Amino acid sequence: MSLLATFNIGATGLVAQSLRLNTTASNIANIDSVSGPDGKPYRSRQVVFTATQPAGMPGSGVQVTQIVESTTPLRREFKPGHPKADKSGYVDMPNVNPTEEMVNMISASRSYQMNIEAMNVTRQLMMSTMDLGK
Amino acid sequence: MNAVPKYDPLSFGETALKLRTYRQQVLGNNLTNSDTPTFKARDIDFASVLENQLQGQDSSKSLSLATTNGRHLPGTAVVDDPKLLYRIPIQPSMDGNTVDSDVELSEFTKNSVFTQSALTFLGGTIKGRMSAITGQPS
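Quick mapping for you: the protein sequence lines, in order, are chains A and B.
With the working numbering, the residue at position 43 of the first sequence is 43, and numbering never jumps.
With the working numbering, the residue at position 103 of the second sequence is 237, and numbering never jumps.
These are computed hints drawn from the structure, not numbers from a lab.
It cannot be assumed that every hint is accurate.
Computed list of lysine-lysine pairs in DSSO-like fashion (alpha-carbon distance at most 30 angstroms, straight line) [what the hints assert, rightly or not]:
hint : chain 1 : residue 1 : chain 2 : residue 2
1    : B       : Lys140    : B       : Lys174
2    : B       : Lys244    : B       : Lys174
3    : A       : Lys134    : B       : Lys261
4    : A       : Lys134    : B       : Lys244
5    : B       : Lys140    : A       : Lys134
6    : B       : Lys261    : B       : Lys174
7    : B       : Lys152    : B       : Lys174
8    : B       : Lys261    : B       : Lys244
9    : A       : Lys134    : B       : Lys152
10   : B       : Lys244    : B       : Lys152
11   : B       : Lys217    : B       : Lys152
12   : B       : Lys140    : B       : Lys244
DEER-style ranges, computed between Cβ atoms [unchecked claim]:
hint : chain 1 : residue 1 : chain 2 : residue 2 : range
13   : A       : Val48     : B       : Thr243    : 25 to 35 angstroms
14   : A       : Arg75     : B       : Ser251    : 52 to 62 angstroms
15   : B       : Thr149    : A       : Asn22     : 39 to 49 angstroms
As the structure is a prediction and not an experimental result, all values here were calculated from the model.
Just so it is clear, CB atoms sit at the ideal spot from N, CA and C, and this is done for glycine as well.
Only chain A is shown next, with the shape it has when bound in the complex:
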């Protein structure tokens, strides 16, 4: 049933967008984390979306192929009393950009809603197909 495929495509969108929301939440939560498990400052994480397209199908949705750490320079703050400060009194802070993260969050939640909308419509159509000829 072709409509079931549409439904599954919507589901891949939900998974991908919620993962994106997840990384955004992690980035915002760690905006001031000067050290992670490896002792280094937290680096902003971003998801990479890739369209999946098996042969013979118009498309089968989206997939998060990898989560990359941002390579933008770390934010340096002058905090001489900080335990992590270097000789000249600077501390390396995470390279999380709050503006970028907020935009990402809004975009992800809108896309999530759009996928839900598409899945709802598809569900209604599937229900009508089942009632066909009654």
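Since chain A is already given, all that's left is putting chain B on it; use the hints.
Just chain B now, kept in the frame of chain A:
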């Protein structure tokens, strides 16, 4: 308007419904990939694909039968996949993605309404045939 329908309503309804759900899949895929860099939005030319499939020949994808003898009958097979075209973007974006959510969502909704109507027509045809078979008004 032709008084006599050009195609059998049952097979017409079936083909139309098949294509509608196929298009629903294409448009749903566009919506889902609205944030994927370099993704290009696709669509089908519904009217021409429907016409081709009803006539039993999709000029772009039909396979013809090779004949080695003058008395062989020519044959053609239709490969089901309709030709996917690319949507022309209204506002190009920086990441090479050509999905315009508003356009896609409106096309998706429109297509679902047409799918619903195809289902209604097909259901009506089935009901009509059933009442012709049983002799009872449904």
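Violating hint indices (sorted, rising): 1, 6
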